[in-house]
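A.B. asks: Single-letter residue listing:
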Amino acid sequence: MAPSKRRNVSAAKPEEPQKSLSRKEMDEKVERILHERRCANEVFDLLELLQAEKERDVLSAVSACSHLFSSLLQRGELRLGHLPKEEDMLAGSYSAEEKYAMFMRHRYNSYVELLVELLEHEAFVVKESSLCALMNFVSTEAQRPLQAVDWDGHCCFPRDLLKAVVRGLLSEKEDTALLISRFQEFLEKDDVRYYTMGAVSDSVGRVMAQAHGVVLPVYQNNVFTLMSNINMPKKEEELRNFLLDRDANREDWKAAKLKEHKRTFERMWLAFLKHKLPSGLYKKVLVVLHDAILPHMSQPTLMIDFLTAAYDIGGAISLLALNGLFVLIHQHNLDYPDFYKKLYNLLDPSVFHVKYRARFFHLANLFLSSSHLPVYLVAAFAKRLSRLALTAPPAALIMILPFICNLIRRHPACRVLIHRPDVTDEPRDDPFLMEEKDPALCHAMESSLWELQTLQKHYHPDVVRVATVINKPLGEQENELSELLELSGYELFERNLQQELKDTVALEFEPVTQLLQGSGGLLDQHFSLE
Amino acid sequence: MGKPQKKKSVADRVRKVKASTEIKNNPFEVKINRKKFDVLGQKTKHDVGLPGVSRSKAIKKRKETLLKEYKLKDKSNKFVDRRIGEYDSQMDPEDKILKRFALERQRTQGKRSIYNLNEDEELTHFGQSLADIEKLNDVVDSDSDSEERGLLSAELTASHFGGGGGLLRKKAPGESGDEGSQKPKSRQELIEELILKSKQEKRERQTQKEESQELTEKLDQDWKSIQGLLAHKTPKAERKELEEKPKPDEYDMTVRELAFEMKAQPSERMKTQEELAREERDRLQKLEADRQRRMQGDTEEDSTTKQTYLSADDLNDGFLLNKDDQRMLSYHDGKWNLEDEVEKEEEDAEGDDEGDDKEEEDDDGDDNSGEEAEEEEDIDGESGHSDLESDKDSEQEGGDEEGPAGEEAPTKPCSSLSEEEKLALQEAARAELPYTFVAPESYSELKSLLHGHTTEEQCLIVDRIQKCNHPSLGMGNKLKLQKLFDFLLEYVGELATRCPPELSTVNKLVPQLYALCQLFPNAACKAMQTLLSDSAHDMAETLEVKGRTALPGLDMLIYLKITALLFPTSDFRHPVTTPAMVYISQLLTKSHVSSLEEVTSGLALCCLTVEYVTLSQRFVPELINFLLGILHLAVPNKRSIGYCLVPPFRLSGKNCNLLVVQNMAHTESWSRKRLPLSGVQGLKLKDELEKDHYRLSSLTTCLDLVKRCTLLYKSLPSFSHIFQSIRILLAKHLPIEGHPRFIQDLHREVLEAVSVPSVLQPPLVFSKRKPIPLKLFTPKIVEVLDYGKKRGSSKQERERERLKHKYKREFKGALREIRKDTKFLATEKLTEVMERDAERKRKVKELFGSLATQEGEWKALKRRKK
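Order-wise, the sequence lines are chains A and B.
Each residue of the first sequence is one higher than the last, beginning at 1 in UniProt numbering.
Each residue of the second sequence is one higher than the last, beginning at 1 in UniProt numbering.
No wet-lab data here; the hints were simulated from the structure.
Since this is a predicted model, take the numbers as computed values, not measurements.
By construction, the Cβ of each residue, glycine as well, lies at the ideal position given by its N, Cα and C atoms.
There may be inaccurate statements among the hints.
[As the list claims (entries may be wrong)] Now the in silico label distances, taken between C-beta atoms and shown as ranges: (1) Lys654(B) to Asp160(A): 43 to 49 Å; (2) Val759(B) to Ser369(A): 34 to 40 Å; (3) Glu541(B) to Asp160(A): 54 to 60 Å; (4) Leu178(A) to Gln662(B): 44 to 50 Å; (5) Asn522(B) to Val215(A): 54 to 60 Å; (6) Asp160(A) to His537(B): 34 to 40 Å; (7) Lys780(B) to Ser369(A): 49 to 55 Å.
[Stated by the list, open to error] As a list, the in silico SDA-like pairs of lysine to any residue whose alpha-carbon atoms are at most 20 Å apart: (8) Lys355(A) to Cys644(B); (9) Lys355(A) to Leu543(B); (10) Lys768(B) to Arg415(A); (11) Lys546(B) to Tyr282(A); (12) Lys780(B) to Arg187(B); (13) Lys768(B) to Gln456(A); (14) Lys437(A) to Ile641(B); (15) Lys768(B) to Val469(A).
[Unchecked claim] Far from chain A, by Cβ distances over 10 Å, these chain B residues were calculated: (16) His46; (17) Lys57; (18) Glu217; (19) Phe437; (20) Pro521; (21) Val610; (22) Glu622; (23) Asn663; (24) Arg864.
Please model the entire structure based on the sequences and the hints provided.
C.D. replies: Below, the structure written as structure tokens:
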């Protein structure tokens, strides 16, 4: 906490010495309030300090107050149950004891409000300490509920307080990712997680309803950060870590049941995904969808709508939606009509340039690994991929050429693409129709992979190596793709650099006289040395 | 001596043979070496061993060598008794004497010369040859003892003639007896006669001698009287001779010179212009062929290695009888095609030497410049200019070694300096420049060296640094120059990033970089790789953060261009140019174009890319995508387009109309101009007019690049698909009405090139496989080396293995021998000691015995006394 230290030093300059209380003084004050009820009014000083400008003051006030109120809570000196308004309190006929409790309860409430406000403070230290203080109260309140114990078990959990915290976390103005990551440690507690999920779905419903279909990038981003930080348990037995310690109630307590957890989780996500998302967030959701969301839903098929919608958007989002769809098709018996046709149409020059190339081709490899696919389809894929390879960077080419070869290996009927000995004598134009959307009609089977022949003249030696494979009958063994999928341009560059020198380096033999000479002086023709 | 020994040895051999057969039949003497398997037709030497025999042989050998050595240890010399039969007890003393005498005779009678037939024997007297004595007419014989001597000699001769040698007497004892009985009468007379004669002769001789002595004395006196007369002349004549001798005749001298002069060697004929040109062409062709080979790359290399001839009997088991260096006999124009091969080898060797040659060349250049520098210092300004010239010259020489363009090109930058004013300026400036420079140790050092100098001076400085620190001049120079290359590269980058960029300086520094690169290819490669990887790393980082990168700055463009200048771009795989291409591809696929500056940078990059693949005609998809994107920027109406763009370009967006001409009226005043490279850093376009002009220029460049691409890729099977999008864009969406005529023409040309109906392609088939030869049952032959089966892959490794094995075996053998030797010596020593002890014991016993007898005698005496 270097920055805070610096601030401490700067704050040490006595600008307003009368206002800022030292830590010691504050501690004394807290002790006084706790022991002598006469001094109760001094709590206002502390609360005032919470709104001070200096971080140091705020910080010490937060800690002092949290100490104060948590000990009050522990002692049970706060008013339980229904709380009359402050004005009514004076008017009403209450004993002094009751009045004191009510007074302190009001102070406690205002303190909590101030803390929630502090969650939007500009200094992270303050945010963090107020969050901790709040969560501290959550746990204390959970132990000693302020409300009378209801017949329903879960009522004793301070849901309102948690809701306030969640509201503070899900800011509409600024990115609270850091704070949320701090909050994550509290999410370890199963009941906190359960109630947080409820609070999130509430918050999303409320805020998005107000937005009337307008995208709120910051807010939605925060929501997503919080939601993606939720780690769902996999088994019922894992639900053990509770803030609330009530063994008796566990039987009918919702927070103790995995099913309920799943249901809340599902509700939360559906509430979130129901609304329109900014495209960046779409990608983020889709990236985590298949392994962080789908397995924890009670009814994953509810995601179908979202996924099909995403799949239809096109571009990178479609590519990412593939993964979720695959899980649904594979594990939940989703019947997706024209899946391969859509997949075929997903292939355009950008697939070799997008960030999710590795994931896409990993899935495409999975989808096309079935040996029950019709030959025309596989041929269409192979031909389209090789046509697209004419625009691909070398790192992608090194991956895609073995991919195509694997397709041909798996479906020996596709061998005509690279070996058509019967009609050798008549050269012809390529019958393949690139623009045709339907793989059945694109005449891929009548074509040959001349593109690979073209790529044998590629500038990169490794590409040439993998492209020349088609000159000979392909071996039985399929190429291992997993290493190639992730290959980036930079890695390729590094690889080329690391090849050690055999002997002396070959040198240009034409002597150099000018910078722009050489190779027909092309650079000289178009550029001047100015 | 030889004969009996021979006899003995023969006898020995007989005995030995007998013994060996006996031994061989004796099962206790034979050790049979078990064989693992029988090999048909193999002759085995060592199937049966005779350990006893070999041991005894070894012991015998040791006795002859080691034992003798041992006996002679610590003795500096030895006594060799060569007397015949001294230790031979079987020989009679008679025989002994006879033999000794015969040897004596042989020694004296040994023929001096085989041609000397007469003098078989030389007669001697008192060990002196008689012939010598006769020749020596003793002059100084005194008269006093002549009588005696005469008598004595007479007696002696008489005894000699009469008695003769022992040999004569022995040979014919009977004869000698007969002669002795006949001669006694005449002998007396003879002797007297002889004495008389000799006396007479003596007297005669004496008188004669006296006469001659008198005569000589007289002559001497005469000579002395004449000598005074001659005294004047003779020394002169002598002197003349002396003088003449050291100064031989000129003619002689020339003759001798001519004789000893080196015979005119058949020198290499001056090459005609034609031949020079042809040689140059050959060299270039070779280099080009080399380049082509590298361009074909691995795939082709594989096929060439596979094309080695297989005989019909080949089993396909990897065994080759003929090694690689064996060539197939081939014919060329009806002649054996041997020369080609030889030439090739030579050329290869030349290629290797090239570097060295160049170094030498540079050395020469060094010397030249050094001399020139000296001259410069003491003379005038003209020679001052020569320094630059000489540098250029030396460079040119280097260049001549390297390539053809060296002759014309490097002089060009020089020619611009010919104006007198410039010359004067330069001289003034150069006068301040030191002639030697220490190689910079750090980049900042180099920068401070070059700081504040003009372009030419900077070049000169770098040149001088290079010359002063030539690798042949010192140990650490190589490293220094390698560093210099790094620093220069960095400097070039900095020059390019300056505002405005000093590209003309960069332009002048490029040849220096080239020269350094030729000196240290590997270091240059490393430096370039580091540069590339650094900027690629930066790019990868920004990619991760932002998802896109900016187009490269001018420095990176310059680096990429320099890469293309220093290294061959057409290689199939090259440690520098391949990564550079990948880097360019990354740039072309990941960077967004959002300003005219970036358009400039992108177009420059495209130009570079086209240059990279011009020679190899390789396909670069990114280039086509990028050009399409740039053209798309010039399309005003973005709706309902029939082509699809490839990322990073988008159909519509912020900077989508970057190249759309805003005001058509501006097109009229446009004239074609080259884009400035500095535009990459920032354009200073004042108003819409200039901007529109710039847009038109960019469009022209882009169209021209497309045209070049169509030319490059014409032969590709998917030509029409590659250019489909561009075709649609050009035909339907790019408005060219109202554009200048030049652009319209260009547009038409490109459109025509692009819409060439695609060549009909035959369907793909696998390339035909070569038939696999039938398997024949020729045995597989495995080379068996000293140490068994083939171990180690390369020739060197095998040789090493062999030597190791050999060493091990030899070591073991030597160790065994040494052990046996010591054992033998130990037994010898032991026996010696034992013998000595036995001797001592015997002697002691003897002593005791004698003492005992003495004692006994003494006692007996005592007893007797009693």
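A.B. asks: Are the hints correct? Go through all of them and say.
C.D. replies: A quick look at each hint next to the structure:
no.	hint	in the structure
1	Lys654(B) to Asp160(A): 43 to 49 Å	holds, 47 Å
2	Val759(B) to Ser369(A): 34 to 40 Å	holds, 36 Å
3	Glu541(B) to Asp160(A): 54 to 60 Å	violated, 47 Å
4	Leu178(A) to Gln662(B): 44 to 50 Å	holds, 47 Å
5	Asn522(B) to Val215(A): 54 to 60 Å	holds, 58 Å
6	Asp160(A) to His537(B): 34 to 40 Å	violated, 53 Å
7	Lys780(B) to Ser369(A): 49 to 55 Å	violated, 44 Å
8	Lys355(A) to Cys644(B)	holds, 19 Å
9	Lys355(A) to Leu543(B)	holds, 11 Å
10	Lys768(B) to Arg415(A)	holds, 16 Å
11	Lys546(B) to Tyr282(A)	holds, 19 Å
12	Lys780(B) to Arg187(B)	violated, 102 Å
13	Lys768(B) to Gln456(A)	holds, 18 Å
14	Lys437(A) to Ile641(B)	holds, 18 Å
15	Lys768(B) to Val469(A)	holds, 14 Å
16	His46	holds, 48 Å
17	Lys57	holds, 56 Å
18	Glu217	holds, 95 Å
19	Phe437	holds, 22 Å
20	Pro521	violated, 4 Å
21	Val610	violated, 6 Å
22	Glu622	violated, 6 Å
23	Asn663	holds, 24 Å
24	Arg864	holds, 114 Å
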